[in-house]
Amino acid sequence: MDKHTEITNNMTQQDVPDEGRRNMMKLTGAGMVALGVASLTTGKAFASSIKLNNDWDKKFAKSDKVDHKKVTFINRYGITLAADLYQPKNASGKLPAIVVGGPFGAVKEQSSGLYAQIMAERGFVTLAFDPSYTGESGGEPRNIASPDINTEDFSAAVDCIGMQANVDRERIGMIGICGWGGMALNAVAVDKRVKAVVASTMYDMTRVMSKGYNDSVTLEQRTQGLEQLSQQRWQDAGKAAPAYQAPYNVLKGGEPQFMVDYHDYYMTPRGYHPRAVNSGNAWSQTTPLSFMNMPLLTYISEISPRPVLFIHGEKAHSLYMGKTAYENAAEPKEMMIIPGASHVDLYDQVDVIPFDKLTSFFEQHLA
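With numbering that gives the first Met the number 0, the residue at position 326 of the sequence shown is 325, and numbering never jumps.
Please keep in mind that the hints were generated in silico from the structure rather than gathered at the bench.
There could be a bad hint or two in this list.
Straight-line Cα separation of at most 25 Å, DSS-like style, residue types lysine-lysine; simulated pairs [what the hints assert, rightly or not]: (1) K210 with K93; (2) K332 with K194; (3) K88 with K68; (4) K332 with K322; (5) K322 with K194; (6) K64 with K93; (7) K57 with K68; (8) K58 with K191; (9) K356 with K314; (10) K64 with K356; (11) K356 with K191; (12) K194 with K93; (13) K238 with K251; (14) K58 with K69; (15) K332 with K356; (16) K88 with K64; (17) K210 with K314.
Distance windows between CB atoms, simulated [as the list claims (entries may be wrong)]: (18) V259 with W233: 31 to 37 Å; (19) K93 with K251: 51 to 57 Å; (20) K251 with G92: 50 to 56 Å; (21) T217 with L250: 24 to 30 Å; (22) P140 with K191: 32 to 38 Å.
Note that the structure is a prediction, hence the values are computed from the model and not measured.
Where is the CB? At the ideal position from N, CA and C, for every residue including glycine.
Construct the entire structure; sequences and hints are all you get.
This is the structure we're talking about:
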């Protein structure tokens with residue numbers, strides 16, 4: 000057990016009264032994602048209908064080098080997704096395109112939109128989207144995640160961007176950030192339309208929810224966690240509505256540094272957005288169930304012969320997940336580790352995110 004895991008486990012044990020609940024929190028509170036501090040108590044759900052906000056409410060300045068518009072599209076499950084489409088100004092002909100998603104629990108007004116706008120400045124048509132059940136996208140109940148449906152969201156975004164008149168369907172790439180890095184890799188393994196993929200500061204959400212940080216959860220703790228979630232289903236069924244966790248990224252003191260980093264992004268003017276799950280909202284309590292039973296990245300080697308680029312911070316607590324994914328991927332593959340960078344630095348620090356590398360990678364492989 001490393002220092003981060005030990006601190007996280009001590010923290011969650013302070014918040015719950017019994018051993019079963021402590022193990023549940025270790026499994027889902029500590030393992031639930033670029034997430035933050037969460038306890039299994041009722042949080043809040045969101046409104047049901049899709050209402051697109053046409054104001055510029057993003058956490059980055061609007062570029063005068065790109066054209067922007069909001070679009071919607073429908074995934075294979077009939078859920079309507081909301082997205083931002085960015086296109087280079089005054090471009091002509093068929094252009095290469097990139098779909099961007101993540102982090103897990105974020106919205107397109109945060110990191111994914113920043114990546115998308117900057118890559119549009121560099122000559123790509125880009126699309127940043129809100130996953131099903133979150134942000135401005137549809138789906139009921141709110142703030143639910145699924146390894147299957149959210150993988151499908153990426154392919155549905157490929158459908159959307161490939162329908163744009165100025166996009167070359169044979170030159171589509173993908174970027175997944177944080178927990179959506181794993182989703183992007185999972186999508187590209189089966190979606191052969193995507194020619195190149197980047198996973199930036201990635202999480203494997205099924206691994207961390209099933210095993211906790213640094214794979215520290217025992218079989219006994221996993222079993223107790225699943226028992227707790229199974230019982231929660233009775234409560235949800237009785238109320239015909241899901242219970243939610245406590246607000247994410249609200250610090251109580253004593254948290255490990257990476258959770259402080261999440262707070263500094265999601266809960267301050269730097270990155271706070273009211274629609275983001277991680278900005279003081281929460282996932283449903285039973286969201287971990289499918290993640291604990293359906294591992295992502297089983298077929299990561301089948302991305303080959305298409306190229307994969309992994310980008311991670313040297314000091315990121317999540318680096319071990321990126322290294323494992325890199326080891327399991329087949330050639331051609333590359334891993335770029337940014338000296339001194341934390342996990343969250345790759346969300347929005349434009350002097351740290353290697354946009355020149357991203358540009359050259361996609362220029363080469365979407366040629």
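Hints and how they fare:
no.: 1; hint: K210 with K93; verdict: violated (45 Å)
no.: 2; hint: K332 with K194; verdict: holds (13 Å)
no.: 3; hint: K88 with K68; verdict: holds (12 Å)
no.: 4; hint: K332 with K322; verdict: holds (12 Å)
no.: 5; hint: K322 with K194; verdict: holds (22 Å)
no.: 6; hint: K64 with K93; verdict: holds (18 Å)
no.: 7; hint: K57 with K68; verdict: holds (13 Å)
no.: 8; hint: K58 with K191; verdict: violated (33 Å)
no.: 9; hint: K356 with K314; verdict: holds (20 Å)
no.: 10; hint: K64 with K356; verdict: holds (20 Å)
no.: 11; hint: K356 with K191; verdict: holds (23 Å)
no.: 12; hint: K194 with K93; verdict: holds (16 Å)
no.: 13; hint: K238 with K251; verdict: violated (30 Å)
no.: 14; hint: K58 with K69; verdict: holds (16 Å)
no.: 15; hint: K332 with K356; verdict: holds (14 Å)
no.: 16; hint: K88 with K64; verdict: holds (6 Å)
no.: 17; hint: K210 with K314; verdict: holds (21 Å)
no.: 18; hint: V259 with W233: 31 to 37 Å; verdict: holds (36 Å)
no.: 19; hint: K93 with K251: 51 to 57 Å; verdict: holds (53 Å)
no.: 20; hint: K251 with G92: 50 to 56 Å; verdict: holds (55 Å)
no.: 21; hint: T217 with L250: 24 to 30 Å; verdict: holds (28 Å)
no.: 22; hint: P140 with K191: 32 to 38 Å; verdict: holds (33 Å)
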